[in-house]
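**Q** Letter by letter, the chains look like this.
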Amino acid sequence: MALLDLKVNGQEVRVEAPDTALLLDVLRERLFLTGAKRGCETSHCGCCTVRVDGMAVHGCVVLAARCQGKAITTVEGCGDGMELDRLQRLFLEHGAVQCGYCGPGMLMAAKALLERNPQPTLDEVKKGLDGNLCRCTGYTPIFDAILAYSRGE
Amino acid sequence: MECKLIRPADLDQALAAREEYTDDGLPIAGGQSLLVMMRNRLVSPGALIDLEPVEALRGIEVQSTGISIGAMNTCRQLIASPVLREEVGVLPAAARQVSSTAVRNLGTIGGNVCHNEPGADLPPVLLALNGQAVLRRRTHGREVPLDAFFTGYFETALEPDEILCRIDIEHPPANAAGVYLKHAISPEDLAIVGIAVVVVPDAQRPGAVAEARIGIGGAAPVPLRATRTEAALKGAVLDEKTARAAGEMASTEVDPGSDPHASAGYRRRMVTVFVRRALMQAAGRIEENGHGAA
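Chains A and B, in that order, give the protein sequences.
Heads up, the first sequence stops at 153 in my numbering, and the numbers go up one at a time, no gaps.
Heads up, the second sequence stops at 294 in my numbering, and the numbers go up one at a time, no gaps.
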């Protein structure tokens, strides 16, 4: 076991976890941040997407120990807990969420994309979300919400 | 049994750990394949040796003979590298086609090469760039040309006490054209076939080939060079007919297997098609510019 010093959504936390614990397991099982979802666990579906130092990563294939000293952001870090942030609101308005399981990962991947490229084309949005699967919406409402965000809506 | 995580401070410590854990230790680079294999219980190492802190495995250095790429460069870093874009655009272009954004953010060139998964995007390109694997063990180092490094299905020449430190590639001639074509059902998949060509035009004879190198992934247990096809192209004028014949010949140099994504016969057929297309794209680039900018 190891003691890990992590910074999650701006807060410093110390957790005990196995040496090679995965970030997703630490977030969900030790810190009870269940926004990042457990899906395929083989880095295909993207519903465990979180951000580490701004980059979108799949939490199921990241060693938690490697995230020490880096800024981890999960969907719980969006908004203030009471109010949704602008991108979350646009996801809601565009019907970008149906069953909702992919939502937290989609939001984190979208935020990483928009930070890197504030005015993405539709193709760039698609490429930016290429690590995230959605089986409900057909993606179009998700792309619409992200493009609306980039237009300042 | 719990797996230990060893975080060496430098290459010497990493190599010492590699020697100490020869039996059941594995080095971890980006972890994008290894952690999946561990989850699926395909490997159960007793210790992971984390290469992330090892500075000697980073950086992209331009040398007189070529470019030396640290094994821990992520696909994201390959894509963003001005040096690679300028000198060997085909490599960042292939890195852009590896899996998904999240995987490219962490997955490394060294991990991609050592995992040696059929259909991986970087090996065919690195073969066509005459890549060399720079390996170290605690006591000494060695260099292995990549066509000898890939030894079998998910197997390489890396010994259990060695670490892949860098991949060295040659400077392609300034007038060379490099193309990588990936054939996959979905772009995030592994390639059904991945074809890399580097064509060096003959400066004296317009349209003629001074040298062609063809790297093929997904169409055999290992990524390989189509050496007979390369020999046949030397000196030939690269037109549609030549490219078609080269595609046919290359399809006799591969040894594809069948899996749920594609049958062996289909893969072989796609080698024919994509070698032709890649050669024609390279020829088009050379004709357009007078050179190809590999």
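Note that these hints are calculated values from the structure, not bench results.
As the structure is a computational prediction, the values presented were derived from the model and not from experiment.
Incorrect hints may have been included.
List time: in silico DSSO-like cross-link candidates among lysine-lysine, alpha-carbon distance up to 27 Å [claimed, not checked]:
1) A:Lys127 <-> A:Lys70
2) A:Lys7 <-> B:Lys241
3) A:Lys70 <-> B:Lys234
4) A:Lys7 <-> A:Lys70
To be clear about the criterion: a stretch of chain B counts as covered by chain A if any three or more of its residues have a C-beta under 8 Å from a C-beta of chain A, and this derived list gives those stretches [what the hints assert, rightly or not]:
5) 27 to 34
6) 96 to 103
7) 226 to 239
Glycine included, every Cβ here is placed at the ideal spot set by N, Cα and C.
**Q** The structure should be examined with respect to each hint, and the outcome stated for every one.
**A** Each hint tested on the structure:
In summary, the hint linking lysine 127 of chain A to lysine 70 of chain A is supported, as the alpha carbons are separated by about 25 Å, within the 27 Å threshold. This hinted pair does not check out: lysine 7 of chain A and lysine 241 of chain B have alpha carbons roughly 61 Å apart, beyond 27 Å. Restraint check for lysine 70 of chain A and lysine 234 of chain B: the C-alpha separation of about 51 Å exceeds 27 Å, so the hint is violated. A threshold of 27 Å between alpha carbons decides the hint, and for lysine 7 of chain A with lysine 70 of chain A the separation of about 7 Å falls inside it, so the pair holds.
Residues of the region 27 to 34 of chain B lying with their CB closer than 8 Å to a CB of chain A number 3, which satisfies the three-residue condition for coverage. Coverage of the region 96 to 103 of chain B by chain A holds [criterion: at least 3 residues with CB-CB distance below 8 Å; count 5]. For the region 226 to 239 of chain B, the stated coverage by chain A is not satisfied: 0 residues place a CB nearer than 8 Å to a CB of that chain, which falls below the threshold of 3.
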